[in-house]
Amino acid sequence: MTVKTIESKSLKEKMILKELPNGLKIFFMPKEGYTKQYAIFATRYGSNDSEFIIPGENQATKVTDGIAHFLEHKLFEEPEGSIFDKFSELGSNVNAYTNFTSTCYLFSSTDRFYENLELLINFVQSPYFTDENVEKEKGIIGQEIRMYEDNPNWKVFFNGLKAMYHNYPVKIDIAGTVQSISKITKEDLYKCYNTFYDPSNMIVFIVGDIKQDKVFSIIERLQKKESKTEKDIERIYPEEPDTIVQNIIEEKLDVAIPLFNIAFKDIDNNLSPKELLQKDIATKIILDMLFGKSSDLYMSLYEEGLINDTFENEYTGEIDYGYSMLGGESKSPKKVLERVLAHIDKLKGTGLNEKDFERIKKKHIGQHISYYNSVEFIATTFVAYYFKGINIFDYVEALKNIEFEAVQKRFREHFNRERCVLSIISPKSFEQNE
Amino acid sequence: MLNRLKAIKIGENIKLHIIKTDKFKTNLVSVYLKRPLIKEEVTKNALLSMVLPRGTKNYTNSMAISKKLEELYGAFLGSDVAKKGERNIIQFRMQLINDQYVKDQNLLAKGMEILNEYINDPYIINGFFKKDYVDQEKENLIERIVGRKNDKMKYAYDRCIEEMCKDESFSLYQYGNIEDLKNITNQSLYEHYKNIIHTSPIDICVVGNFDENEIEELVSQKLKFKQEDVVSIGREKIEYIPESIKKIEEEMDIRQGKLNLGYRTNIPFESKRYYALLVYSNILGGGPNSKLFKNVREKESLCYYIFSRIEKFKSLMMIGSGIEFSNYDKAVSLIEKEINEMNHGSFSEEDIESAKNSIITSIRGMTDSPYMLADFYYSQAISDSDETLETMIENIRKVNKEQIIEAGENICLDTIYFLRNKREDR
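For the protein sequence lines, the chains are A and B, in the order given. Numbered per full-length UniProt numbering, the first sequence spans residues 1 to 434. Numbered per full-length UniProt numbering, the second sequence spans residues 1 to 426.
If we strip away everything but chain A, and leave its shape as in the complex, we get:
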């Protein structure tokens, strides 16, 4: 059992790590003067993990779409009803989310933290699924799926993924479909639970003005499993070609103005955590240099009325997939795409501007530090990066150390029109003025 302290001088923050004999890792970040306490219990199990070999078995198991998310919903169920009541009595807000790579259970409180923590650790370790409560959940999740079907931002994002990926499960909706979830049984849920909710596949992250020893001892005391599992879970992901599926994907919805997303698919996957972090930072800086509010392109597209202030960009860099995305609302998404590609071609000729690089880097340093105002940000970001093998404290140092040459190189490799897709959501009654 080891206890380690990690400090960041740049952030003026520190974190204490303790690993338990069963493989569970606990991270605690003291935040003096903060009223809120925040805890996340997370498992490295997301919607992408749809095929795997259960430790001790020989054959692969393939599960139906939406099961990780369904399981998240059902963990709140206890034999005596819903765990929500108990958190409510304590006045805390409990919640959960499932994404492509993880499932996270969390609460925030301002009082009686340790009691809340006990509840969290206990309920995540106590699955209770019955035929009846599984059936009942299908109606609720059905409405959640419907809600997203009416959400144009969600649709434009997912259609972009579908146009980029041939086989990789990131193209499948996290919640599945009304049809795919209709097949889920309690046996399926237990199978996934037993595989992925193993302490060695999970972490707890806690932040707040609370006592370290008490935090660690509560979590240790409540462990249902004492020693580590011998074998790891083997996750099976399909082979994904470097190419994209289609250049343009378009869908009509009841919206007022078209929404669009332009995405560039990564092909340099499975890097070391250090390289992955470097790639993450470099790409985010480039996106701002090329398409941020201080860029020539943003300025001219804005003045011509081709974009408005909804135009934004982001980079997602996971271990075995990644993509850049930029988009917003536009009367003519296809014209924006042309201009984006022409801008990239031009800069490939002239090279990027080093002054822009230095300025944007400064911006990213300031913004990254300011995110540490929020305990929610710290906790959710920590977990997301941790599952990629990256300690979020390393982010600001890597950002300070990144060099212009690395950014130039990444720019030339990543922004390739062969791997670029355009996703458009257009109004049902709308003639595009192309």
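Because the hints were derived from the structure by calculation, they are not lab data. Careful, some of the hints might be misleading.
[Said to hold, decoys possible] Straight-line distance between alpha carbons at most 20 Å, and here's what the computed SDA-like set of lysine to any residue pairs gives:
| # | chain 1 | residue 1 | chain 2 | residue 2 |
| --- | --- | --- | --- | --- |
| 1 | A | K400 | A | E7 |
| 2 | B | K299 | A | G81 |
| 3 | A | K12 | B | T21 |
| 4 | B | K103 | A | I365 |
| 5 | A | K9 | B | N209 |
| 6 | A | K25 | A | I218 |
| 7 | A | K12 | B | N209 |
| 8 | B | K299 | A | G142 |
Fit chain B to the supplied structure of chain A, relying on the hints for placement.
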């Protein structure tokens, strides 16, 4: 808990609120201009909040401003409009990293200079705002107004209020309307701006780690306002007994229906009864332990989300949910049943305790966000309340069952709004 100083008068109608705390990485300066929420102004105010970011005297386009902000370690500077009851608030915000995290001195003073320029020295050409900027932002504002239907949940919520308060200025959309936008020119917009900058009550909230005396001096030195004939803005009317229930249906090509119910609570926020109302709404639909969540979602599997919330300044209670179109009648009657049961006192002491704890947690939680802190103190300022967070919490604690039932007696259903799919049979 927090070191909050009394509001300091730094001008005839300018108040400075200093909230000193060393827990944030940033310093925040928020400037609020208060206007009446009226049709003649609301569209102009919205447009203004979009034209001002386009340029200042020394940074004549938004690119130049952005570059300057990036130099200041990614400082945030922006403007927006909001409605707080029947007040139209124009807000300016500047957030910068605290000096101690970077190798740069006096970031706050540098930021304050830009903020002042942004507010008091916008880019003027031939005596007015630049025509191109105004024309472009008029187009963007049209997109924002028509584009609001993209977010169905928010759209249905707003539309319910609009139908409910048809004859009250609270129905005005904070981003205005397209008809009024057409008649605005770069000249008339500038005249309007000169007028409001001189005649609006102004509040400045500063949140961060600094010396209180220095910050007071810095603000009075860097942020300069000249005021005359400051407008006075009255209290909105909040007491209404609906004659009959309005039922509104609107069609859109969607997969999930959005059901919204608007209630008149007839309880002003100044009243002690307001705290009982907050608890009432929380027991009903405040979170996963609420009556609506338990009975409409968990028992009947009718929805994924369902909530009840209070519109503080206008004293409304709004319920919203996303349901299957065919479940309209069932959902409405289940919601009415829950309200009815609340009014007959069928809720427990544990329900009350949970609701109180949840409200208190969210009040306390605000102190961990600079933006929420600034907004909280501003809301207090415009409601002429000098209650602290602690006294608010005490008042919540004091609420008892009788008071909650009594709060319920005043609540009347006014409007049922349903956003549904297109009917084939018409």
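Here is how each hint holds up against the structure:
1. K400/A with E7/A: Holds: K400/A and E7/A sit about 16 Å apart, inside 20 Å.
2. K299/B with G81/A: 11 Å, holds
3. K12/A with T21/B: Holds, because 16 Å separates the two Cα atoms, which is no more than 20 Å.
4. K103/B with I365/A: Status holds; Cα separation ~11 Å.
5. K9/A with N209/B: 19 Å, holds
6. K25/A with I218/A: The hint holds at about 14 Å.
7. K12/A with N209/B: Distance ~15 Å between K12/A and N209/B Cα, so the pair holds.
8. K299/B with G142/A: Given pair K299/B, G142/A holds - Cα atoms ~15 Å apart, limit 20 Å.
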